[in-house]
Structure formats: C-alpha cells, structure tokens
Amino acid sequence: MSDLLKTIGSMVVAAGLTLVSASMPATAAEKEKAEDGSRIEFGINEYSDLPARPHMVSAFTLKELSTTADHSKFKELQGPFKSGPEVTKACLSCHNKAGQQLRNNVHWTWEYTHPVTGQKLGKERLINNFCTNARGNEGMCAQCHAGFGRTSPDYDLDKVENIDCLACHESTGKYYKLPPTRGNKACAVMFEGKKPIDWAKTAQSVKMPGRNNCGMCHFYGGGGDNVKHGDLSSVLYDPPKDVDVHMSRDGAKLVCIDCHVGSGHKWAGSRYNMTVGDSGKRPAGAPRTKATCTSCHTDSPHNSTSITGIKLNGHVDKVACESCHIPAFARGGVATKIFWDWRTAGRLKNGEGYREEGYIQGNGKPRHTYKSIKGSFKYGENIRPVYRWFNGVMRYTTIDTRFDPSKPVQINYFSGSYDDPKSRIYPFKKMRTFQPYDKGNNTLVYMHLWGDDKDAFWGNYNFARAIARGMKDNGIPYSGEYGFVETWSWWPINHMVAPKEKAVQCEECHTRENGRLADLGGFYMPGRDRWWWLDLLGWLAIFGALALVVVHTIARIVMKNRYGAAPEGKE
Amino acid sequence: MPLRKRKDDGKLCAHVVIYTRYERFWHWTQAALIFTLAFTGLNIHGVYHVMSMETAVVTHDIAATLLILLWIFTTFWNFTTGNWKQFLPFLQVHPEDGRFVTGLKIFINRLWAVVRYYAWGILKGEPHPHKKTLQRKQNPLQALAYLTFMIVIGPALWISGIFYILYDLWNDFAGSQMWFQATVFVHTAAAFAMIAFVIIHVYMTTTGKTPLHYIKGMITGVEEVELSEIEKEYLETHAPDLLKDENASC
Ligand code: HEM
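Order-wise, the sequence lines are chains A and B.
Per my numbering, numbering through the first sequence is continuous, rising by one, with the last residue being 571.
Per my numbering, numbering through the second sequence is continuous, rising by one, with the last residue being 1250.
Where hints are given, some of them may not hold.
List of simulated lysine-lysine pairs, BS3-like, C-alpha gap at most 27 Å [what the hints assert, rightly or not]:
| no. | chain 1 | residue 1 | chain 2 | residue 2 |
| --- | --- | --- | --- | --- |
| 1 | A | Lys-560 | B | Lys-1244 |
| 2 | A | Lys-407 | A | Lys-120 |
| 3 | A | Lys-560 | B | Lys-1132 |
| 4 | B | Lys-1216 | A | Lys-560 |
| 5 | A | Lys-560 | B | Lys-1131 |
| 6 | B | Lys-1105 | A | Lys-560 |
Some chain A residues well away from chain B (every beta-carbon gap over 12 Å; in silico) [said to hold, decoys possible]:
| no. | residue |
| --- | --- |
| 7 | Thr-117 |
| 8 | Thr-308 |
| 9 | Glu-508 |
| 10 | Phe-543 |
No lab work stands behind these hints: they were computed from the structure.
Glycine is no exception: its CB is placed at the ideal position from the N, C-alpha and C atoms.
The task is simple: from the sequences and hints, build the whole structure.
Here it is as structure tokens:
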C-alpha cells in the first residue's frame, strides 16, 4: 500500500487515492496521511475509505445454499474473458431474458417516468444538491452504473452486452469499475495501480445480490460514505444491532433484497414513488411485493394486549413506522453531509487544488470540510430527522423548472397533510446547499465537472466555463450568467431501524417545547397543543378556588380569635 | 337505648352510621381515582413532567376505566337503595310532617341560609342551618354541588373521556379532527372544573366541628344525625348496629 502511495506521490497527482482494495485494511501510513488535512488534493478520494465488504449470511444467502446451479462449474464461465461485456454475453447466453428485463430497469437506463406526475426523472436527467448532475459527467459518475462504457447521455441502451451483471451479482467483494473516461490531470489517478479484475473468477462468483453489491454504490451516493442519504452508510455492511436491527448479524441478518423484493429485475422501494401507508395485507400465500415495514410486520405490529401497544397501533394510520423506529440517522460512526457550499469551490494553494479535513466522525475517521473541486461541507451524525406529512409522491425541480431564486429552491418536494388518508408523518434528512444556477433564466444548470479538457470544473475550477459547456453540450438554453442559489433536498429515512427499546418515546413528540413534531399543523396533539384561553380560564378557576380557601381560612381564624368559641363549640 | 331529647323541637340527636360500607368504599375509591386522573391528566396536558407520557397515559386509562366501572356500579347502587334521592336538591323534607316536598322556594330559602352561613355565620360561630337527617344527609348547597358533579362535570368527563380513549376507532372519516378537538376541549374544560370542585370540596370538609370531623365521618361512616321518633324506633328494631349512641349534638 505505501509503495503504491509513493508511486502516486512521485507523480504530481499524489493524493487522489482511490478505492482501496476490499481486502486491504487501512494502513498506518494511510491514516497518518488522512490526519494531515492541508495537503494538496487532486482526485475524488472520498471513495478511498471503502472497508472490506463481507458477504453476510441472510435468508437469501441461505436460500442460495440450496440452489441447483453452481456457476463456477459452468463451461460458459471458464473464460478467459478480456472485458466485462464478454462476461455479460456469457451470462445472457443462458439468462436470455435478462437483457430485456434490464431494458426497463433504472440501474441500467438511468431513466424513470413517474407514474403519477409524469415527470421524467432518473440519474441521467436530475440535478441534485450534491455533485449536481451526472449528465455529461458519466465518465466519473457511471462508476455507479450497471453498465460498461457509459461515457455520455448518448448511450445505446439496446446494446445489452454492455449491461454490467457483475456489479450486482459478483460476490468476491473485490470488483470495481474504472471511470470510462479520463478526467483532468487532477483526477486522472483514480484507480491507478489497482489489480486487474480476474473476469472469469468474478463471473463464477455470481450470487443473488448481497449488501456488498448494493452498498458499493448506494452507501457512497453523493461522493462518499453516507454523504447523501444519511441512513445508508458503510456501517450497514456489518452493523451492530443498535444501528440496524434488520441488517445486524445479531439481528435479523437481512440483506437489501430481503426487503427490496422483486422478480424479473424489477424490485420494490422507489424513492421517486414511495409506498406510504401500505396496509401490509395480501392474499394468503402471496409473496411480498413491497419494501414496506408492514409487508412483514403488518399494520398492527405492537402488542395489542397492552394499553401501550394498542395506543401505538392506533398511531400507524398517521405515523410512518420509520418516524418512531429510526430515532436518528447517520448512526454508527459514519457522518452524513448536511450542508454543501459550492460558492467556495475553486480556491487554490500555490495554483493547486487542496482539501481540508475539519471533521472527525464517530469512528475516528476524518472527513473533508473543504475541497477545491467541490466547496465546503458540514457534517452531522446521530441526527434527529425532520418530520413532514408525506403521501409518497416525489416531485422534482428539473433542468427546465423555473423558480424564484430569492427563496430556497426545493430540489425535490412533496405533499401530504393530516386530512389526506394516504399521508403519513414521515422522517426526512434535509440537505441544504448553495449551488450554481442560471441567473438569467432562473433554472438549475448542468455543470461540466469531469473531463480531460479546459472546461471541466474539476481541474480548471472555473464555474463560468463549466456551466456554459454543460448547458451547451446538453442543448439547454443558458443566459450566460450564473449565480448561486440555496437549494434544499429531502431524503426519506427508512434504514437504520433501531432496537425497539431505542424507539422514539411518546414525549419526544407529545411535548410543548421543541418536540419532534413541533412544526406539523392541522391536528391536535395531546401534550403539545392546548387552547391557551381554556387553560387560562381553568387556572383562574383553580387558583380562584385556592384563593377562596386561603381567605376563608384566615377569616375563620381571625374571627375565631375575636368571638372565641368554635361554631359548634357550645358544648 | 335512651336518647337525649332536644329541647326546642322535640327531636332526638344520635350518632348513626349514615354512610354505609359501600358508600364509603365508593367515596374513597372515587377520590383516589379522581386524584390519579387529575394528576396524570395534567401530566398528559403538559403542565409538568413528573412521569413519562407512557406511564401517564396508561395510568390515566386504567384509572378512567376503573372510575367508569365504579360509577356504573354506584349508579346502580344509588337507584336500588333509594340513595339517589339524597342528591335531588329540590326534594326537601317538610319541616312539620317530615315528608318529602319538591319546593323550589323552600329549597332556595334553605340554600340561601347555607350560603349565608358559609359566608358569614360560620365566622361568627353560628350553628349550621342544616341538620343532618337520615333523609337529607346533605345540606342544599352540598346536594346542588354533588348533583352538578354527577350530571355535568362527571358525565362531561366520562363521555368525552370515552370518545378520547376510543379515538383510534372512530377517527376514520373526513372531519373527524373537529370532533376530536371538541372531545379534547370538553375533557380539558371539565377536568379543570373537576379540580376546582375538588379543592372547594376538600376545604369544606374542614368546616365541621373540628377540621377533621367530616373526614372522620366519611371514614367511620358515623355522623351526628337528627332522628325522628319513628326513625329511632325503626333503627332500634331493624338496624341496631347502625345506631351508635345518643351522645350527639346536632
Ligand atoms: C372518567 C373517565 C375518564 C376517561 C375515560 C378519561 C380519558 C382520557 C383520555 C383517553 C385522555 C387522553 C390521554 C390518554 O389516552 O390517556 C385523557 C386526557 C386527559 N384527562 Fe382524562 N379521562 C377521564 C377522567 C378524567 C378526570 C377525572 C380528569 C381530571 C380531573 C381528567 C383529566 C384529563 C386531562 C387534563 C387530560 C389531558 C387533556 C389534553 O391535554 O389533551 N380525566 N383523559
């Protein structure tokens, strides 16, 4: 490892260290380096802290023990393979429906048409308030794509041999994908010096997806461990029960697909169109089709022979399970980004980009609080979610939405209310960012971040050129003038379910001051609400009565002294 | 048993058990439950945080259920024993023939006498205008207060309380929130009234011969009661154990 570092260090592009091979724990040298926050930084090295990815036993892996096929024995998979697409061809030679199935799968298409709003969404189109847009930056961002060689939006989705079966199905835990295009010299070292992939061995290792497959991308969304979601971090590779009762080896030992069930390469659990308020009911013997709590736990999961349990079951119609059972997100020692400021991006030291590591997270690892290529960040851990009424339908501010830049722009937004029987009180992570926008047209912008050219922001640090190029490449009208706008995005919190003893207690919401639901309206909540004037009258009555008592008592004592005998004391 | 005659109206005065065992059980259980309900209720209301919300709610719900059961039972008892007549303030005893009369005027006169007594007479050491009898254990003000308790504050609490406790069973229609708020409003308002009532009620118990006189009466059941000759004879023959002694002063 340190040899590798020296090699890279001797090149100018030293520090952009990358994906550490899964089997290699962090070395002392690496740790030391990490503590030095002021060193020059070139690459996107958030990925460098990938831990080893164990393959855990779950209901699914148990099922696999009873499979009738051993892929390592198949002659089709003996190789030699020179590339990913060659492996895929071998896969599809038997799984001859998989290509067509993937044709409708967002992991492959990066396209999604919302069934309710009709909005065209997906990773290829959307702009978020982290690294903003994948569109045009596929060279970097398509490392997390279930396909090979996605270098631009013009990607032939019918070339099914480009589907990357291994990303989701290999089980060696050492698989990685190279960025399909080169970035600027500042970023060029990504993955350099990594051992070449043994395609045959990897192909023979295929299984149902484990958490290492899903986690590779979904734990690192937004450019690093837990950056984006807050409830999806590398801790979930092997979490203690306190962090996640479902995924812990001391808990239910579930893997992602135990909940995100599906078949035919279609599975449950869309963040665009969420299932809120599932009753969990289905015909006897029918398989689960939804990634909802109720699909396993039913909609009356609490002990209905106790008063507390009955009362809690009564909450289910209005409160999502997650609201109480995930008391905080970003637990277990890995922080999440809560604030991102692109305005400060592009500062240089001696003409070079740099980074600062101003945050030490719970597990002792430092996190970047400044990077020239991205700006400044704030982190949080054990964060209490924000609660909102939510009916499951997510809407998005897309590239063609015009907005009022004087107010924070909602990257995604949703509706819901007490009166809507489809809504529940739902927990969210709220992400705040200042990011570039088109000042003339009041729209978001596509930025050209990645590329080996003079416009890519990562390497040139020039917003004007990066935005002009990003807009032009995608044929989006651009006024030529950019500014920065505050944006918010909302991330539903569903993972990191805590043991039941750690669930949110009644008075964390049913309280007058600073309760979790303090800013939700439209309904009366005992303990939080009251009619102030009724209370006033009530207390007047009570204190009035007490005053009467006191005055009367004094009068009795005084008068008794004056008249001597007690009222009936004649005897 | 020889009873001492009162000089003026020829009536007797005796120590008699006027609160039966059930009545005392009912009274003190009700007191404990109402205290519990008020204490946990205000905790739920957010006035203080002596206990957790869960403990407060569970205790409140159990106490409420017990209280409702107690009230059902007691209502039954009141009607079967005829005790219910004690709580009708307008039903007064005729001063001469000792029979019940329903007279608003006589009630108002007697009520006024009692009010005047507590406002003034008591301070000057005057005797209480109401003499406890077997037919009228309570003075008119007391009867009026208890009736209010039984037909206004109590029902307001238990009716709204039952709606409140069953909220999850009926909240399933548009506009249910309005009814829920009405429920809570009535419940909270009645709870305040109940607490104010209890404060005055407890204070009034200290206005007897000695501050603890009435309390003792409700514990032992024995009170000083004016008896007619007929009542005396009845007690002597049918319930001699209720008639304690004749050394009372009414
Ligand atoms: C008679 C039967 C009663 C029933 C069935 C009842 C039921 C309830 C219920 C269901 C609640 C909501 C909290 C919970 O689920 O426990 C509640 C709240 C409350 N109760 Fe009662 N209760 C009764 C009597 C009383 C009494 C006697 C008092 C006081 C003297 C009282 C005072 C309160 C107060 C102050 C609240 C809080 C209201 C709020 O802030 O929302 N309750 N009661």
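Now for the hints, and whether the structure bears them out:
The suggested pairing of Lys-560 of chain A with Lys-1244 of chain B is violated, with an alpha-carbon distance near 31 Å, which exceeds 27 Å. Of the pairs offered as hints, the one joining Lys-407 of chain A and Lys-120 of chain A holds, with about 24 Å between alpha carbons and a cut-off of 27 Å not exceeded. Note on Lys-560 of chain A and Lys-1132 of chain B: the hinted pairing holds, with a Cα-Cα distance of about 24 Å set against a maximum of 27 Å. Taking the CA atoms of Lys-1216 of chain B and Lys-560 of chain A, the gap is near 22 Å; set against the 27 Å cutoff, the hint holds.
For the suggested pair Lys-560 of chain A and Lys-1131 of chain B, the alpha carbons sit about 22 Å apart, so the restraint of at most 27 Å is met. For the hint linking Lys-1105 of chain B to Lys-560 of chain A, the alpha-carbon distance of about 33 Å lies beyond 27 Å, and the restraint is violated. Thr-117 of chain A, annotated as away from the interface, keeps every beta carbon of chain B farther than 12 Å; the closest lies near 24 Å. Not every CB of chain B lies more than 12 Å from the CB of Thr-308 of chain A, the least distance being 6 Å, so the non-interface label is violated.
Against chain B, the non-interface label of Glu-508 of chain A is violated: not every CB pair exceeds 12 Å, the least being about 9 Å. The beta carbon of Phe-543 of chain A sits about 9 Å from the closest Cβ of chain B, which is not more than 12 Å, so the claim that it is off the interface is violated.
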